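J.: Residues per chain, in single letters:
2 protein chains.
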Amino acid sequence: MSLLVVGTVAFDAIETPFGKTDKITGGSGNYICHAASRFMHDMKLVSVIGSDYDQNELNWLKNAGVDLAGVEVKEGKKSFFWSGRYHLDMNSRDTLETQLNVLEEFDPILPESYKDSEFLILGNIEPSLQRKVIEQMNKRPKLIVLDTMNFWMDIALDSLMQTLKLVDVLVVNDSEARQLSGESSLVKASKKIMKMGPKYLIIKKGENGALLFYENRVFFAPALPLEEVFDPTGAGDSFAGGFIGHLAATKDLSFENMKRAVIYGSAMASFCVEKFGPDRLKEISDEELAARVNVFIDLVDFDIILK
Amino acid sequence: MSLLVVGTVAFDAIETPFGKTDKITGGSGNYICHAASRFMHDMKLVSVIGSDYDQNELNWLKNAGVDLAGVEVKEGKKSFFWSGRYHLDMNSRDTLETQLNVLEEFDPILPESYKDSEFLILGNIEPSLQRKVIEQMNKRPKLIVLDTMNFWMDIALDSLMQTLKLVDVLVVNDSEARQLSGESSLVKASKKIMKMGPKYLIIKKGENGALLFYENRVFFAPALPLEEVFDPTGAGDSFAGGFIGHLAATKDLSFENMKRAVIYGSAMASFCVEKFGPDRLKEISDEELAARVNVFIDLVDFDIILK
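As given, the protein sequences belong to chains E and X, one line each in that order.
Numbered continuously in the numbering used here, the first sequence closes out at residue 307.
Numbered continuously in the numbering used here, the second sequence closes out at residue 307.
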């Protein structure tokens, strides 16, 4: 049940109404591994970092079962850095600074030991690089999950469309689904997008939950109504990591199990936002996870007996 | 199980991306009665209309079990009229014209036969008029539901706060909940608002569903992901009508039954938007209602066995 994770391992500096951080660890690959590690321990990470990266964080990943052979370290160079400020409602943010640094020359080369991974999740990077990873696999993984964003729809739509043909599950937010499909109805959008390649589509709606589409079926997972969102950074990647972590751990690709995976993803996202960075994901006990899933069960539980 | 409904009975002219109507019947009281009539048949309506109002619509209400003794007809005057245009996403609209007409001098006087009603729903009108209705009751109803809007928070907040002290359930949308509480987190907003009087708070989030808050409990009802929203006018009132209609029909005010009422309200809203005006609400068969509720059940159904 090996899981190959492709994504950034980076530094973030974050300002929210609740506080401010200096450089802390982040990146899509990092958050995905943190969340997936709650469910399984055979992960392989592909990424690129500078020699300035945090050794403690790498050690944590290693101990959590993440193979770092595919994480290229560019000596004397700096890791990818993003800094942003969240608005009071926490739903929107301004980018203060982006330093691509090592990411500018990221060229994902898979170590031989990675090429038979059964599950593959492609974090949000350039679509041609995502494709390049798929092409290096010895055999097609059981499941390929793709994350992307509006930026690639703006500047690399053709390339993104080629990549979409190769994947099983696409994860985007509602505005990205609308942009990609040109449809304002998310149901119509899902039909168009599922014709582009992915058999499954997950549309994340932030504090309004997430929709899972498959054929003519749809599942809705609520987001927890939270009193305080401390730091939304990484919530989407934590969702994706929890989702594929559960699937890789159970090896069950039925729609019923996909729905469970969406709930586990939502639970991981709800933990992620409780602290700055991925730290909260490091310390989730079995009891906490079970209690959180129970909150999701209760939240939508009602009982109507139809005659 | 008599239900007293206070609200407007009016004309609307609506433009959506799907079409355009001349004057058609509408109004909060009208939509509430239409939706509630699917569940019960002892309703009493308080409203005001001009002599131009549609007699067929009044006859339909009468046949559906709505007592119209409290609907004042102002001879030679015109009914309240609103005209609006929906944007492509159907979530926002521009008001093109508002003619208050008879509504300008609306003074709700309850017929004697109305004053012992067991359930009361106050559609969105001036808070002092809502209060005036409550004060005319012989005894306090088992349940008082209040709808209001940001307009009254802007120009009559003190009066609204007095009215809030007298009601059991407040129904608002998310931006209204934020405005009323001054909190951006809906959980925090709910705590503040429940201290203002209502024991229950329903926050409607349009295509993102609805939250029901009670003490420290919360229930989330999704909205149906719809392929086409034909006309959103009246969806909120249809929700409120389905909600109180189910409660009045069952006379069960437990939290479990409140949750069912939220689902029935959501179902009625989902029917309402399928056609212009309240027409779709007139023709819902038992099979259709059961099928629609089943869609809600399936939409959030998942099955996680916690160890």
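Just so you know, the hints here were simulated from the structure itself, not pulled from any lab data.
Accuracy of the hints is not assured; some may be wrong.
Because identical chains share one entry, a pair is satisfied inside a single copy or across any pair of copies.
Unchecked claim - Calculated cross-link-like contacts (lysine-lysine; reagent style DSSO-like; alpha-carbon spacing at most 27 angstroms):
| hint | residue 1 | residue 2 |
| --- | --- | --- |
| 1 | 195 | 74 |
| 2 | 78 | 23 |
| 3 | 188 | 275 |
| 4 | 74 | 62 |
| 5 | 115 | 205 |
Since this is a predicted model, take the numbers as computed values, not measurements.
J.: For residue 74 vs residue 62, is the C-alpha pair at or below 27 angstroms within one copy, between two copies, both, or neither?
T.: Only inside one copy: residue 74 and residue 62 sit 19 angstroms apart there, 79 angstroms across copies, limit 27 angstroms.
J.: Within, between, both or neither: how does the pair residue 188, residue 275 come out at a Cα-Cα threshold of 27 angstroms?
T.: Only across copies: residue 188 and residue 275 sit 19 angstroms apart there, 36 angstroms inside one copy, limit 27 angstroms.
J.: Please sort residue 115 with residue 205 into within, between, both or neither, judging by C-alpha distance up to 27 angstroms.
T.: neither (33 angstroms within a copy, 45 angstroms between copies)
J.: Measure nothing new, just compare the shortest in-copy and cross-copy C-alpha distances for residue 195 and residue 74 to 27 angstroms and report within, between, both or neither.
T.: Intra 40 angstroms, inter 57 angstroms, cutoff 27 angstroms: neither.
J.: Between copies, within a copy, both or neither: which fits residue 78 and residue 23 at Cα up to 27 angstroms?
T.: within (12 angstroms within a copy, 66 angstroms between copies)
The structure shown violates the earlier hints numbered 1 and 5.
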